[in-house]
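Asker: Letter by letter, the chains look like this.
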Amino acid sequence: MELFSEYFKKGHILSKIDARVKLLVSLTILVMVLSYKAFVFPLLVLGLCTLLTLGMKIPLRVFLLRVSQPLFIASMIVILKFLFSGNDALFSLHIVGIKLSGHKDGLIEGLKIASRILGATSVIAVLGFSTPLTEFIAGLSWLRVPRGFIEVLMFAYRYIFVLFEDAMVIYNAQKNRLGYSNIRRGLVSFGTLAGSLVLKAFEHSHNITVSMIQRGYDGNIPMLKHKPFSLSEVFVSVLLISAMGVLWKI
Amino acid sequence: MKIKNLKTKFQFFIFVLFGYLLSANNAHAMHISEGILPFNWALFWSVMAVPFVAWGLYRLKKLSSVDLSFKPLVGLMAAVVFIISCMPIPVPTAGTCSHPCGTGISGILVGPAISILVTAVALLIQALFLAHGGLSTWGADIVSMGVMGSFAGFLTFKLLRSMKINMAIAGFMAGLFADWATYFTTSVELASGIRGDSPFMPLFWKILIAFIPTQLPLGILEGAMTAGMVMLLYKKRPDLLVKMKVLKQEEVAI
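Protein chains in written order, with my numbering: chain Z, 1 to 250; chain S, 1001 to 1254.
In case anyone wonders, no lab produced these hints; they're calculated from the structure. Just so you know, not all the hints are guaranteed correct.
Once the Cα atoms are required to be at most 25 Å apart in a straight line, the calculated DSS-like pairs of lysine-lysine come out as [said to hold, decoys possible]:
#	chain 1	residue 1	chain 2	residue 2
1	S	Lys1061	S	Lys1243
2	S	Lys1245	Z	Lys200
3	S	Lys1206	S	Lys1061
4	S	Lys1206	S	Lys1062
5	Z	Lys175	S	Lys1235
6	Z	Lys104	S	Lys1248
7	S	Lys1235	Z	Lys200
8	Z	Lys16	Z	Lys225
9	S	Lys1061	Z	Lys200
10	S	Lys1248	Z	Lys200
11	S	Lys1062	Z	Lys99
12	S	Lys1236	Z	Lys200
13	Z	Lys112	S	Lys1206
14	S	Lys1243	Z	Lys200
15	S	Lys1236	Z	Lys175
16	S	Lys1061	Z	Lys225
Small disclaimer: the values here were computed from a predicted structure and weren't measured.
Okay, chain Z solo, but in the shape it has when bound:
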């Protein structure tokens, strides 16, 4: 859970920028990365995002951890495409009399997908590192995302931490009683743990509703009112998107 809050340090280069601006810029760059047909632009985005992450004083280890899973998937896709797709054979290996070929066109296709994965992941990683969920939610509300969705998102975000703590208490208690000593017991324990979380969710939802009704809750949560956009932020964003657009077009 440390990735949720610990690295949202204040005072970095992106912390003061309006969440709506960051969201719109990120989504625009994401669309550019996804629709790009080669691998230079996504890799450029990856490089820029890595620099931004370091500029935000987020340890490189944390950034690498965030992109590690997509990186692994990207590597696998390159290998799969290289060996099983394409017609232009680069080499052939004979293993126990069987020919295994590496294809140039397959490799290129794999690298394109891999670069797209890394570019897109890094954009969302920067958005996640620079924007606390509360600000992100305010941005979604401005984007006219339905109110019901935002309210459920707010409740979920608030109670992830509470339920996670509950889960850890139950898990440690189970572990101390050898609840995970073998697969069968582990399964039973995990089922009990997950079931207990559902029970806790029911309890918490009842308690929170009672306390909210006492404070005037009528089924709707008031949303933050948005400040007007800062002209300088809009100007810089348009400039950045234009520059990226030119690079995308080249």
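Starting from the known structure of chain Z, arrange chain S on it as the hints suggest.
Answerer: Frame of chain Z; chain S shown alone:
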């Protein structure tokens, strides 16, 4: 002819091996990673997901107008699905850990419409802060985990209960089919997204079979977990199951 067959078998073995590595070492392979799908496919799956999420929101509005505690409950269910799908459970054949979906149980408890909404919320938080899944693949993940997982879990449970099958078995089968339905859809989405100019069906079968080493046992484990959850709720708080219309009052009385 024989050599050609052998070659195909060998290529298939290598493919399965890579697929196995891909799925076994990545506990979050269930979520399609950010950027895997090209823009047109990302857009297609997002458009596919919209009516289902809208249906969930419609049901939420309707139910929360009657019961004020319903909206917080849905939020908390999303938190539960989030935590369950972040928790590692052992996969014996892979010698590693993977994670359950949690959509089977949410489909049973709150119905498919709300369960889709719950999954959409959990997936959004995971995509933003844990890089599990992504914003561009959000729609695809909602369709595979939320829509297919929730419907498979809900319908299986309802069908088996209507046939008077034991609740633990119904819960087990619901979890099993929710998991497998998710992986089947994920295979369709992956094959269509990464195939390029290659034909769809051969790649689809390769991906589907490549998932088997982990998903076959994982589905069984998820089934066991779902059965455990349903039985725990039945023993401790049957009133909640009646409230959520999972059981009828007379079934609890028995």
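Asker: Does each hint fit the structure? Answer for all of them.
Answerer: Cross-check of the supplied hints:
no. : hint                  : result
1   : Lys1061/S x Lys1243/S : holds (18 Å)
2   : Lys1245/S x Lys200/Z  : holds (19 Å)
3   : Lys1206/S x Lys1061/S : violated (42 Å)
4   : Lys1206/S x Lys1062/S : violated (43 Å)
5   : Lys175/Z x Lys1235/S  : holds (23 Å)
6   : Lys104/Z x Lys1248/S  : violated (62 Å)
7   : Lys1235/S x Lys200/Z  : holds (15 Å)
8   : Lys16/Z x Lys225/Z    : holds (17 Å)
9   : Lys1061/S x Lys200/Z  : holds (23 Å)
10  : Lys1248/S x Lys200/Z  : holds (22 Å)
11  : Lys1062/S x Lys99/Z   : violated (62 Å)
12  : Lys1236/S x Lys200/Z  : holds (12 Å)
13  : Lys112/Z x Lys1206/S  : holds (21 Å)
14  : Lys1243/S x Lys200/Z  : holds (16 Å)
15  : Lys1236/S x Lys175/Z  : holds (22 Å)
16  : Lys1061/S x Lys225/Z  : holds (23 Å)
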